[in-house]
Amino acid sequence: MLLLITLSPLIGALLILFGAPARRTALIAAGVALAATVLAFSQFRGNSGFNFVTSLPIAPQFHLSFTLGVDGLSLLMVLLAAIVTMAAVWFAGTVERSESAYYICLLLISGGTIGAFASLDLFFFYAFHELALIPTFLLIGIWGTGNRSAAAWKVTIYLGLGSFVLLIGLIMLYQSLPAASRTFDIRQLKTLAPQISPVAQQNIFLVLLIGFGSLISLFPFHSWAPEAYASAPAPAAMLHAGVLKKFGLYGLLRLALPLLPAGVQHWTWLLIVLLLGNIIYIGLATIAQRRLDWMLGYSSVMHMGYIFLGIATANVLGTTGAAALMFAHGLSIALLFAIAGEVRKRTGTLVFEDLGGLAKVMPLAGLAFGFGSFAAIGLPGFANFAAEIMVFFSSFHRGWEIGRFHMFQWATLLALWGVVISAVYMLRAYRATFMGSMPDRWKDILDLKQSLRLPLVLLIGGLLWFGFFPQTLVRVVSPAFKASLTIPAP
Amino acid sequence: MIPAAYIEIAVILLGVVVLMFGTFSPGTDTRVIALISAFGLLAIFVATFYVAPMPAATTGGFWSFYAADTTALVFKRVMLATTVFVLLMTIDYVPVVRQYLGNSTTQRGLGEFFTLPIFTCAGLMYLVSAVDLVMIFVSLELVTISFYVLISLTRRNPTTLEAGVKYLVLSAMSTGFIVYGITWIFGVTGQTNLQKIGDALSSGGTNQSAALLGLLLTLVGLGFKIAAVPFQIWVPDVYQGAPTPVTAFLSVGSKAAGFVVLLRVLQPFLILHNVGRLLIVIALLTLIYGNLAALPQSNLKRLLGYSSIAHAGYLLIGVACFDGRAVTFYLIAYLLMTLLSFAVLVIVAQQTGEQIDNFDGLSQRSPFLAFAMLVSMASLAGVPLTAGFFGKFLIFMAAIAQHQVALIVAGAIGVACGFYYYLKVVRAMYWQRAANMDRIPVSGVSRLAMIVLMIGIVWLGVYPRPILNALNAKDRPVMLSGSANH
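Heads up: the sequence lines are chains A and B, in that order. The opening position of the first sequence corresponds to residue 1 in the numbering used here, with each subsequent residue numbered one higher. The opening position of the second sequence corresponds to residue 491 in the numbering used here, with each subsequent residue numbered one higher.
No wet-lab data here; the hints were simulated from the structure. All C-beta atoms in this analysis are idealised placements derived from N, C-alpha and C, irrespective of residue type, glycine included. Treat the hints with caution; some may be incorrect.
Now the stretches of chain B that chain A is said to cover, found in silico as 3 or more residues with beta-carbon under 8 Å [as the list claims (entries may be wrong)]: (1) 864-876; (2) 883-889; (3) 904-917.
Could you build the full structure based on these sequences and the hints that come with them?
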């Protein structure tokens, strides 16, 4: 089952390479992956650890094997990846230049991320993620807009270096165990982790934080992200900001918290400082943006801050909130980038000053964008709200003492302002794009194609479903954390 | 089971037969000669799997010079495979050679072009089996002298001539260093056999600083072969000037053999102080120089020259951490990806040129060649699920096990630079548009060879188990002390 989900985008890419019709094959591959994921979601048994495990030994002398398996957390991420892939492929439409290469790149990114989420082996966890690197480079470089060349170089070298640091961290983790019991298997690592000395945990966590952090665009390693998302074609930005970036957060939840509790505890202060940088500093930078694509890029960097806050609390409520927020943010940012891409296709510009009044000619796009921006702000009824509230409650509760504020209380207080900041920039963007007076030259613009309703329903439906019924999500995810978190309050 | 020594003899016989063929029936199609040579070597390659490993004799005489242990056998296969691919590459390169030989009608002079790689291959195979300094020296000379001729084969081309002269002079000098080093080592220990040198050094009573000087001098010579800084000066010019298949041969065969010899020679000296530190310094310099100098290159052949220095740096990390298995795996991966990139270069360069700009729009002119180049560049840059990545993975695993922070940091800088200069080629092929949109024809043989190389790259990256098992066999004298850490 899991093998099917992971391999179907990759097989789709191979088929296109050998001449299958690009768009149809990509849609079928994405559809198969999505259908199989939904099926897996319905068959999933939350309390029995990892489901659907398949394994093939690769290098027994290092205890390295190709192992797939999911628990609630990874299954949620796979579901996110499958939904966004479907939407991204659907929105890609017809491509003017080398269509098949375009779809191959999209499917490779998607297959890479799904594989990374489903892998239970450190090596393949890393390797699958890196599969996305060169397709990203090509997507931005060939089909990008604006200063695409600089953006492509920046994102590739940044992420290349970041993932190399990550690789070092993973190998350090592997080698911190005594020689006889070394393994790349994440399940076994969990039982062996108490053997890692606290000092080693601190070092490894720092390296992992820098490595994962540059992939997630943690402040101050964020500068690649807005530029890359602004230049990338919309489907690439959807996949990258919506799904691929979650890989780093997933890595922190999957590896750093359960395996390196002493490291997390030691560096919590640093993480708090950096994530406030994400929320406040990047939030203000987002308000200052004059273009829709850059604003969305910055906003996606900013929202990482909340997820980090959830991770930093290191308790079940906070991490469950973080996981839910990863899912919700993935859907909402994909929705926003998709609409922005459609607007750019029609108007040729995304500068706020030139835009305006587009809701008159593109009512469907306006509606969808509205849903997306309300979700991004975190209005009740959307999955984002349910997730953020969990994060804030858990973070405020962390280390709580009557009458005194500690690190986490201050952090929560400051982070709450982020909600106001995101309301400011999201509503301004909505007004500048869809409200107000419309220039005459755009009278004849057509609205989104009818067929695009399906991916929109998929994205918005996901947001609303988990907004109104968050317990369906919490029930799946939280058992994954209950067993593994052992970090006492600071 | 075939006795191990027959393998080299078969290679030499094949070389003689091909030479005769080229001399006495000059009318034969060059393609036939090349294919006969390639198939002959391929048959010998298959035969190596039926060879019984043979340790060096302890009694003295010639067989104490020669060991066909597992490592040697693995590398003999590496050399044979390399030569096969180089020969297939030469088929596409024949028009260029003809042009510079000045006679476009006859085949005269082309016989050597196919024979010499075979003799070089025999030299390389002896080299990886050599466990005595005398044998090392003799087989090194066989290799080097063949390369003198190969590099300057298209001698009417001024850059080739320059390359030939540079290689001749510097190589002769490096050989001088090796001989001088061997003399010092022999003077101190009274032995030329590596095993006995090790015994003599560990038994005490030898002058350690004199032995270290001998090793240092030998390292100068070997550093020349593997293109380690500061003995890399010749690399860019020679790589650029030499006929492209020869460049490929030089950068793969010569380097692989150099590393095997390096590992063998270092083994007895590990008990001396400072050897490890010396290696770390050389590795650092090589990594930083190779990667930084590759950044501004605009000629692809020259870029590959610098990249070969950079990869020597990664390999030296493995050597400095005494992990023979990682070095061997990396060399095999390096072989696949470098040969693939040169194979594409040979074909494209004849249509357009060797500059990176000349690859503009290759994805439209020949999607197959562009994809092959993409695979090889991704692997050279170390993108996961390719052989290049698994090689780097093993190398850095060794470095982290030994807590070599400086090497890891230099490696990280190198990897970041690598992404830039390898992807520069990808950018040219996929982003830029070509002025001339004619399709580039690819012959069936080259296509097959490239597909084999691509499958090899992906296979080693995804499922390296067979190779790792082969390297894990019981007797591994080249695997130096530290590898027990895994």
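Task: Hints breached by this structure - done: Every hint satisfied by this model.
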